[in-house]
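The primary structure of each chain is shown beneath.
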Amino acid sequence: MSFEERLLMELKAEVAARGVERRRRVTVRRLFAGAAVAGLAAAAAVAVPLLTGTESPAYAVTKNTDGTIRVQIKEFRDADKLEADLARMGVTADVTYLKPGTWCKEGRGKVLGSDNPDDWDKSISGKAIRHTKDGVDLDPKYLGKNRTAVLTYAEDPKAASSKKPSVLWQFGGSVVEGPVEPCVVVDNPSWNDVDGEGQPPAGS
Amino acid sequence: MRRKQVEIATDPVAFEAFYRRHVDAITRFLARRVEDPHTVADLVAEVFVAVLDSAHTYRESRGSEIAWLYGVARNTLSAERRRAFRESRLADRVSGRRLLDSDDVARLEERIDAEGRARRALEAMAGLPEGERAVLELVAIDQLTVTEAAQALGIRQGTARVRLHRARRVLRDVPLVMEGTTG
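Chains A and B supply the protein sequences, listed in that same order.
If you're matching positions, the first sequence starts at 56 in the numbering used here and goes up one per residue.
If you're matching positions, the second sequence starts at 1391 in the numbering used here and goes up one per residue.
Please keep in mind that the hints were generated in silico from the structure rather than gathered at the bench.
For each residue, glycine too, the CB sits at the ideal point set by N, CA and C.
Be aware that a few hints might be false.
[Claimed, not checked] In silico negatives: residues of chain B with every beta carbon more than 12 Å from chain A:
1) Ala-1404
2) Asp-1414
3) Thr-1447
4) Ala-1469
5) Asp-1503
6) Glu-1513
7) Pro-1519
8) Glu-1520
[What the hints assert, rightly or not] According to the in silico footprint, chain A covers these stretches of chain B (three or more CB under 8 Å from chain A):
9) 1455 to 1468
10) 1549 to 1557
All chains should be modelled from the sequences, with the hints used to inform the complete structure.
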């Protein structure tokens, strides 16, 4: 790869970071919602190609044979379009992209989850939203009826190129029943609480 | 178009298209003015970061994209010459020289060599009053039209034309000075 191509990669990371920053401001004003921190999954040093191949769509939505809907995020943009696509498939979703080290403040709605992380997978949120290595699977059986799948992503485009283990992204998914409050962006001190590879941060 | 320009600062796809349209021209622009390949690389990076910072200042009605971009490049270069940008840039945000390998350095050196004639002409212009020199540079060396040069410098077309005429009268025997547009 030539200097020009490497520079382009760096600059696109900068553009994406600014896009996320801008989106964050828009998010607050437009009362987009995010998730409670519960159900947070994080990965360290995973080569998520967030910034390459921007000619391709920002995300893919596909139907699995078991009726669940798979969402694969490739770039952190076009959240509105993703929400619209999911709505066409019968799922009310609320997608928020945040910059690294931030998260939405808790208390944004009535989360159908569990206070006990061990029981999370058995809750409505845990059943409706499953984070897999291939993406996020949404199960319409547990959605609809005044329920919103609240999907929150934070990403660090710069970490993608660094060699030392660091948090590339975090994802949180929960089901909120009834109205979803706006995402108030707050610092997320647990951002770097990662031990080894692919471990969830402490407290997630 | 203004909207499009704003998008290059936030949309990676729009930015990539813009970058590919202009990265060669910007590299040559800088290779005419700077002899060290590492500094050229830093400045190419610096110019495109400045593009992100000032994308909102572009107005299609006021002229071409390249004229606006050369205006950005001139400002970046004069900031570098004042040494101010080293303090003002965000640490390590985008460093051009860090991205160079030996092939890139060799390629940039070739480019710098290729611009030797232009660089010598620029040196010959050094004695001109700043305002006249700026117009002559952009027209004779960087091949902008007078209208575009005026846009890049934020001056009126008539002013640019007068300055160009004066500068050429003084330096008419210097190679390249009479090249470029006469309008």
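Hints, one by one, checked against the model:
| no. | hint | in the structure |
| --- | --- | --- |
| 1 | Ala-1404 | 9 Å, violated |
| 2 | Asp-1414 | 8 Å, violated |
| 3 | Thr-1447 | 16 Å, holds |
| 4 | Ala-1469 | 18 Å, holds |
| 5 | Asp-1503 | 17 Å, holds |
| 6 | Glu-1513 | 27 Å, holds |
| 7 | Pro-1519 | 35 Å, holds |
| 8 | Glu-1520 | 31 Å, holds |
| 9 | 1455 to 1468 | violated (count 0) |
| 10 | 1549 to 1557 | violated (count 0) |
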